[in-house]
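Undergrad: Protein chains in written order, with numbering that gives the first Met the number 0: chain H, 0 to 257; chain F, 0 to 563.
Some clues are possibly wrong.
Each computed DSS-like pair below joins lysine-lysine, with the alpha-carbon atoms no more than 27 Å apart [claimed, not checked]: (1) 253/H - 84/F; (2) 223/H - 530/F; (3) 19/H - 100/H.
Treat the hints as calculated values from the structure; they're not laboratory data.
Listed below are the residues making up each chain.
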Amino acid sequence: MIVVDVRRTRTADIADYFLKVEPNKDYEVLEALRALVRDEEIDVDQVAGIPVKTLEDLADIMMSCKFGVIFFGLGLTMSAGKLRNVDTAISLVRDLNRYTKFMIMPMRGHFNVTGANVVYSWQTGYPYAVDFSRGYPRYNPGETSVVDILARGESDAGLVVASDPVAHFPKAAAENLVKKPLIVVDPEPTATSLLADVVFPSAFVGLEAEGTAYRMDHVPLPLKKVVEPPNGCLSDVDVLQRILDRVRKIRREKVEAA
Amino acid sequence: MSDLLIKNGFVYDPLNKIDGEIMDLAIRNGKIVEKAEGNNLKIVDASGMIVMPGGVDIHSHIAGAKVNAGRMLRPEDHFKDVEVKTEKTRSGVGRSIPSTFTTGYRYARMGYTTVFDPAMPALKARHTHEEFNDTPIIDTAAYPLLGDSWFVLECLAEDKIEECAAYVAWTMNATKGYVVKVVNPGGLEAWGFGRNMRNIDDTVPNFNITPREIVHGLCKVNELLHMPHTIHVHTNNLGKPGNYVTTLETMKCVEDLARGDKPVIHITHCQFSAFKGHDWRTFASGSEEIAKYMNNHSHVTTDMGQVIFTNTTTMTADGPFQFILYQLSGNKWINGDVETETSTGIVPFTYSRKSYVHATQWSIGLELALLIKDPWKIYLTTDHPNAGPFIYYPRVISWLTSRAAREAVMKKMNRRAREKSLLSSIDREYTFYEVAIATRAGQARALGLKNKGHLGVGADADLAIYNINPTIVEPSKDFKLVRKAFKHAAYTVKGGEIVVKDGEIVKSVDGKTFWVETETSCADEFAPRLKQVFEDYYTVKYENYIVPEHHLAVSCPVHTKAEI
Ligand SMILES: [Zn+2]
Chain H
0 MIVVDVRRTR
10 TADIADYFLK
20 VEPNKDYEVL
30 EALRALVRDE
40 EIDVDQVAGI
50 PVKTLEDLAD
60 IMMSCKFGVI
70 FFGLGLTMSA
80 GKLRNVDTAI
90 SLVRDLNRYT
100 KFMIMPMRGH
110 FNVTGANVVY
120 SWQTGYPYAV
130 DFSRGYPRYN
140 PGETSVVDIL
150 ARGESDAGLV
160 VASDPVAHFP
170 KAAAENLVKK
180 PLIVVDPEPT
190 ATSLLADVVF
200 PSAFVGLEAE
210 GTAYRMDHVP
220 LPLKKVVEPP
230 NGCLSDVDVL
240 QRILDRVRKI
250 RREKVEAA
Chain F
0 MSDLLIKNGF
10 VYDPLNKIDG
20 EIMDLAIRNG
30 KIVEKAEGNN
40 LKIVDASGMI
50 VMPGGVDIHS
60 HIAGAKVNAG
70 RMLRPEDHFK
80 DVEVKTEKTR
90 SGVGRSIPST
100 FTTGYRYARM
110 GYTTVFDPAM
120 PALKARHTHE
130 EFNDTPIIDT
140 AAYPLLGDSW
150 FVLECLAEDK
160 IEECAAYVAW
170 TMNATKGYVV
180 KVVNPGGLEA
190 WGFGRNMRNI
200 DDTVPNFNIT
210 PREIVHGLCK
220 VNELLHMPHT
230 IHVHTNNLGK
240 PGNYVTTLET
250 MKCVEDLARG
260 DKPVIHITHC
270 QFSAFKGHDW
280 RTFASGSEEI
290 AKYMNNHSHV
300 TTDMGQVIFT
310 NTTTMTADGP
320 FQFILYQLSG
330 NKWINGDVET
340 ETSTGIVPFT
350 YSRKSYVHAT
360 QWSIGLELAL
370 LIKDPWKIYL
380 TTDHPNAGPF
390 IYYPRVISWL
400 TSRAAREAVM
410 KKMNRRAREK
420 SLLSSIDREY
430 TFYEVAIATR
440 AGQARALGLK
450 NKGHLGVGAD
460 ADLAIYNINP
470 TIVEPSKDFK
480 LVRKAFKHAA
490 YTVKGGEIVV
500 KDGEIVKSVD
510 GKTFWVETET
520 SCADEFAPRL
530 KQVFEDYYTV
540 KYENYIVPEH
550 HLAVSCPVHT
560 KAEI
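Using the sequences plus the hints, can you model the full thing?
TA: As structure tokens, then:
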């Protein structure tokens, strides 16, 4: 196992090799590796703080293994270069496949975020940032993505399910979120739930409620219910279903009254 | 649910040999019955219209991991084709990879009520069923991919047919699958190491077995398990010039297993497997050879995989084939590897009428449907979305029923392809009776669906009414009217309820999911061995692999008793 990071982590401690890369220089390292895999020479002594000799060894290991995988996370997608870093990493994998079997896989965090993407996609065609305001699904990240809607202060209210945007979103977006009515459904107290107007503590899925989680390689896994949730505590599905039923009832009454 | 009476329609019900007779059909509790009655009997006047059983699609990629990856890959596919929500329907997006709700509504609008997805990675079965649960109206089923599963390859390499059968039976039960699906046998495993199978006697790397042995072995297994459908095979070398030879060899390799007139193998989307020539320059149609063989043998059924000139999304489990398409098109590409089971590939693709190869492919599909004499042997598909989206079926129907419709396309297509096409020498035009076979009766029979594809007493009350009067309209000339009628059914009835009227959804109901519940006498002794396989090979536990029956919104098991 080879770990590449800007700092030594616990994963790095148990790895066979650790390469410390200078911050925001991932693109350079990946391009250097591509050059080495393609048998090109590199005229510098080091790239992003890593000696070229080390990169040559790394390229050799990658080319001579039987089956390799590159896992990448937010460090690659959110540092300078962003999607171009991922693009280069994919190209490196393509180059490596001329020699051996190599794959690439994004490391998704936040429990079942993959499951959310999967369900949005089959129901609406789009993995996230879906806007229904025109009566059909629209997708235009930057315009319809939640961070941008919040940053522009366009929302009237927020419903947050099993997520903690206050802890993770840019400050301006988080501020606009809590300024307006905010409802949170979450099994645990979070920075967001502490600032919410209404909080529904929900059952823990895989403990107090059953369901499905999608692993980061999109393999669906069943989650079991092993104990009863505390009295009155509903699963997030039930909470949302009851809200939906109520909304429909109010709407029907309004239509009938009119 | 009140009784329903469909009055005075021209009924086409080939399984009961009814060819356009004016009849009444009575429906009670979701079934066709002798007589409808009661105080609130509902009457549908079908005078001057065609009545057929609900459409059945034997091969359409509508749900599951691969389809969903296609949706994620192609937001541009959805932008221009949206379904706005209504009082009765949920919103969605469409074109070549529609969202689940849209898929159900659009099939129902064309009078289709049963659609089976032909490629389910067993490891991701739960995903496929979750999508089925969100696909309204139509009945569904999924075919687990078994032709490159390590366990199958190991058993067959050692000629352990019964052990292989025990595994296949267990997989059907565990994944709630319906058909044994084989895609480029051995080639997908080889693709994991950048290789492929060149012919059916090539050896699979790391396994001492050939595609011929895989197909023959699984065909035997299929018979042992008394599966309702035959093995469903996507051939080796699919999409490559010269592959018609491989296709013929694949058909021949199970000739010895044929019993009477009963088919034992289904060669799917045959168009893609009927290519002649040595390369793309010498590319030509191999439809005559395939048709000749099929006309002389009764152990094979097939479906068209008809090409439509449009932009679509190709998606198969055939990783190496998708790699070729990626190289040919230069479009974006997904390539995936499903542990010890299968591979996957997705590439957006445009079939152009001006391209010699594409125009020839268009011709091959129709040549097959017209040269194979018995309509019970070849069914209408576009291998949705691989050769084109399913919304184009009415167009394909018009090409089958009208020589003039075919000529209208040929006039505008690549000249060399037009000159070489056999179509100019074929006069055959399908009758409505034959259309009913190709789009429902034949497919239902091939799938072993006893209550589908016909309108006899006891059948599921799934039917389509098309606004077309066969005594007035001449399909040969009025092909545009035929197209229009089949595009928007006047009525679609599903399980005895009117779900479509005048081409619009008036009610949404849940579809059922069919799966094969196979009874074997060796399940208990086999389980410990299988648990060990999961410990050794899999990243999920044996218990977590199984999709419980209650996970299916409407489960519809089909029981079979195996000979093991
Ligand atoms: Zn297919």
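Undergrad: Confirm or reject each hint.
TA: Quick rundown of the hints versus the structure:
As the CA atoms of residue 253/H and residue 84/F are separated by approximately 20 Å, the hinted pair is consistent with the 27 Å bound. Distance restraint check for residue 223/H and residue 530/F: the Cα-Cα separation of roughly 20 Å lies within the 27 Å cut-off, and the hinted pair is therefore satisfied. A distance of roughly 26 Å separates the Cα atoms of residue 19/H and residue 100/H; the hinted pair therefore holds under the 27 Å criterion.
Violated hints are absent here; each numbered hint is respected by the structure.
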